[in-house]
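> Quick note: the sequence shown uses my numbering, first residue 1, plus one each step.
These are computed hints drawn from the structure, not numbers from a lab.
These numbers were taken from a predicted model, which means no experiment stands behind them.
Note that the Cβ used here is the ideal one computed from N, Cα and C, for glycine as well.
Treat the hints with caution; some may be incorrect.
Said to hold, decoys possible - Quick list of the computed label-pair ranges, beta carbon to beta carbon:
| id | residue 1 | residue 2 | range |
| --- | --- | --- | --- |
| 1 | S322 | A363 | 17 to 27 Å |
| 2 | S219 | R316 | 29 to 39 Å |
| 3 | P342 | R509 | 28 to 38 Å |
| 4 | T480 | S288 | 31 to 41 Å |
| 5 | K451 | R108 | 24 to 34 Å |
As the list claims (entries may be wrong) - Below, in silico cross-link-like pairs of lysine-lysine (BS3-like), each with a Cα-Cα straight-line distance of 30 Å or less:
| id | residue 1 | residue 2 |
| --- | --- | --- |
| 6 | K205 | K224 |
| 7 | K451 | K530 |
| 8 | K530 | K481 |
| 9 | K451 | K535 |
| 10 | K301 | K369 |
| 11 | K205 | K511 |
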Amino acid sequence: MPTALFNRNRGRESATSTRYSIPRAGGGSSLMARARTAMGRCLRRRRPRASRRDDRISALPDDLLLSVLRRLDIRTALGTAALSKRWARLNRELPVLNFSVEGMLPPRYHRWVQLCRGIGEAIFFQYERHAMTRELMPNITRYEHRAMRALTRSVESFLGTVARRRRVNRLRVEFFVTHNTGCLNQLIAEAVDAWGVDDLEAVAKPIYNQPGAVHTFGSHGLCKEPSAARLQSLKLGGCVLPPLHEYGALTTLVLQDIPDSTPEAAYEGVFTSCLQLQVLHLISCRCSGGRGVVVDAPMSKIRELVVDRCRFRRIRLRALPSLESLASEGIIVHLEESTSFPCLRKYNLTLCLGMTMQGFRQALAQHLKIEPETFLRRMPGITSLILRLTGPDRWIVPSSPPSPPLLPNLRRLLVADVPSSWDVSWPRLLLETAPSLKTLHVHIAACIEEKPGDEIPWRPTMVRHHHHLEEFVMVGYEGTKRQAYFVKFLMGACTVLRHVTMLRNGHARNKGHWDWELVTHQHLWTDEEKDDTLKHIMDGVSSSAAQVQLVLG
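Put together the whole structure using the sequences plus the hints.
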């Protein structure tokens, strides 16, 4: 009579229960015991293997798990707290936190935005403007508000689990300007007051259909106890400028998209009241008032200043005694006294002037004439200079070489993005005012649609020879008349020139704000092109120029 090995109805015999039964043989009870023993060994062997497989991640040390968490977006990292108490504790030990609304937006949002911008830029388009407002904008707005709700839920959940939080080194918060940003202000205040954050980045972005919206911090500013803060690096974007004078440890400050309601005195106060500040970047900032920003900070320790596409009426520097590096784009920074900037060594100026509309272009071109002295005066100590001066028409005009020279200590010079329609020999103006220059790089940008502009009527100058220039590189060389003239002039006037390189294709790429590299693409010159180029350049050049190493690429 068969007997069930595993009986589901424990305590009751079932003759029909043969699904898990085996036939009894001779020595049946002994066979049953051996079967149970073998099955038990099998189950005991399997359980540890399953346990080890499940615990492989949990068996890792905390340092390695923290390394994994740092590579996850903040939403995913916070979600691991649901795994166990250990994972929840690890979340509180992350040294870097990044709460970004960008990670909450689906790819479809970006497609909607791109489509909306394309319609806005098109003059004739079958998709009517009111249809864009009726269909596209609600979708874009809905995604933005959904992303903000997801972000605020993450922040609120995180704030609810950090009662025993350890130190945070860096916090980055990027969000849309909406009505529900109170928890973000709380997060920032908690990070500065309680967690001792060193590096804080808070960037507010307006939602798509409200481009002028800005974020406002609480009545207490960034935190409640700024004098006790450890904050060393701060970036604020798209927000009302809070008081910063009490942050005594602050050394690096980046202000971006600060609104035009900001008074000029607020920017001036940053220079004068943040006494430990060493690096200051102003990017796309605006201000109210008509006199411009005037900086007079003799006690300031600022050594690096960047003014990038700011809408100031003007910016004048009266005193920044520790300033070493200055960069400005879209605006000329005027220095009032050279003795007030004894440490200034590097300068980068990017400026585009002029209009492309033909009705205004000609009238403006007649009056827009600027001498190099306008933006290079009172900088006798600079040793490295980058100039990117562009526009539909050449607005740099020659002047009599000043005495003493404007740039007596300049060693390295890059003149980049020179429109090919300009007279590309205009850097000669700089050579004549920089007697110590050793390296000159010129990059010419092709302007196919523009006709060549007027040429500079060069006159004999007091500086007939240059005794320090050793290297000259021209990128974008096409062999035009003015390009060849400039190369011939250098080879004839520079007595120690040994390396001349002319490259057909390439561009000048910034390495930071005050250094550069030339990125070139090899051009295969034919023997006929080489012979014609060399003949064109060397014709009329003195025999001493024969020692120059000329490279074509």
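> Each hint: holds or not?
A quick look at each hint next to the structure:
| no. | hint | in the structure |
| --- | --- | --- |
| 1 | S322 / A363: 17 to 27 Å | 43 Å, violated |
| 2 | S219 / R316: 29 to 39 Å | 33 Å, holds |
| 3 | P342 / R509: 28 to 38 Å | 31 Å, holds |
| 4 | T480 / S288: 31 to 41 Å | 47 Å, violated |
| 5 | K451 / R108: 24 to 34 Å | 46 Å, violated |
| 6 | K205 / K224 | 24 Å, holds |
| 7 | K451 / K530 | 26 Å, holds |
| 8 | K530 / K481 | 16 Å, holds |
| 9 | K451 / K535 | 26 Å, holds |
| 10 | K301 / K369 | 36 Å, violated |
| 11 | K205 / K511 | 28 Å, holds |
In this structure, the earlier hints numbered 1, 4, 5 and 10 are contradicted, and the remaining ones agree with it.
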